[in-house]
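Student: Sequence:
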Amino acid sequence: MLFRSGVCERTIEAHTHDIEDIAALPCGTRLLSASDDGTAKLWTLDGELERTFEVSSLMLCVAALPDGVHFVFGLFSAEIRLYHVDGTLVHTFEGHTGQVNAVTVMPDGQRILSGSDKEVRVWLLNGTHQNTFQLHTSYVNALVALPDNQHALSGSDDKTVKLFNVNDGSVLRTFTHHTSFVRCLALLPDGLRFVSGSHDEPACVVEHGLAPLVVEEPGGVPVAVDPGAHVPRDLVVEPREQLAESRHAFLLAHDASSPGLRGIHRTTSRGGSICASAPSPARQRRPPGPS
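Last residue of the sequence shown: 292 (the numbering used here), numbering continuous.
Simulated from the structure, these hints should not be mistaken for laboratory data.
Each hint should be verified, as a subset may be incorrect.
What the hints assert, rightly or not - DEER-style ranges, computed between Cβ atoms:
1. T177 / L50: 30 to 36 Å
2. L90 / G110: 40 to 46 Å
3. G99 / D169: 20 to 26 Å
4. T12 / P67: 28 to 34 Å
5. G110 / S181: 30 to 36 Å
6. G192 / D68: 19 to 25 Å
7. T98 / E55: 33 to 39 Å
8. R11 / E55: 36 to 42 Å
9. S181 / G96: 18 to 24 Å
10. T45 / H18: 20 to 26 Å
11. S139 / V70: 23 to 29 Å
Everything numeric in this text was worked out from a predicted model, so none of it was measured.
All C-beta atoms, glycine included, are put in the ideal place defined by N, C-alpha and C.
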């Protein structure tokens, strides 16, 4: 379903089984849906189907690369696959021993993060396994990269969200504002706050605590300042506000054709429908899902 200002404009009957994840391409005019029916589909926001990608496994998550023509899927078979929008399979990443529940791409498009079981893995685009971080005590369900290209957030069945350094796996902050499994994460447009969704119903808006990436110019020479340098380690952070019920996945993406933002949300994992919305510049809210 396509929503604008709370009004449903269009429903895309996308799949024959549950939709596990959706991702917006950077252009803001196309999206990908990944489903338990073993397919992923590329759509325009007008509901036109451009391409169907078929695999022999349940598709559990999807993320688009910044170049706008590549994306990755995480599969129940423990694989990660990198595709071109023309349908070409570019690479298969292997190494996880359990289903891949979450994938995200770093802003420079050079590294992919994947979550499975209790671990987060870091990959280069050529398939090289760069690192494995044991961040959680239960399944990793969600990942989101931060704009500084050095940090990311992970959400888990252990009810926590972790802010960590993707270079060495060090945990800067642990967020414990949920009382049940954390199932989804999205970064807000300011880059300073994220939204987390959980089985405990409310979605929470939280400040992750990293300052924006600052560039100082002593003597005219640009110097990048580490945005995590002054963040206390393992600081427990409470949410600033709560949104409507949010058991299921959502994401926010820029709409290149308008000054606002486009949020693409999955309000239910049952029935194979897609919900997308362009929320007002005020507080971002998801349409309520079924209880």
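Student: Please write out, lowest number first, the hints stated earlier that are contradicted by the structure.
Tutor: 1, 2, 7, 8, 9, 11
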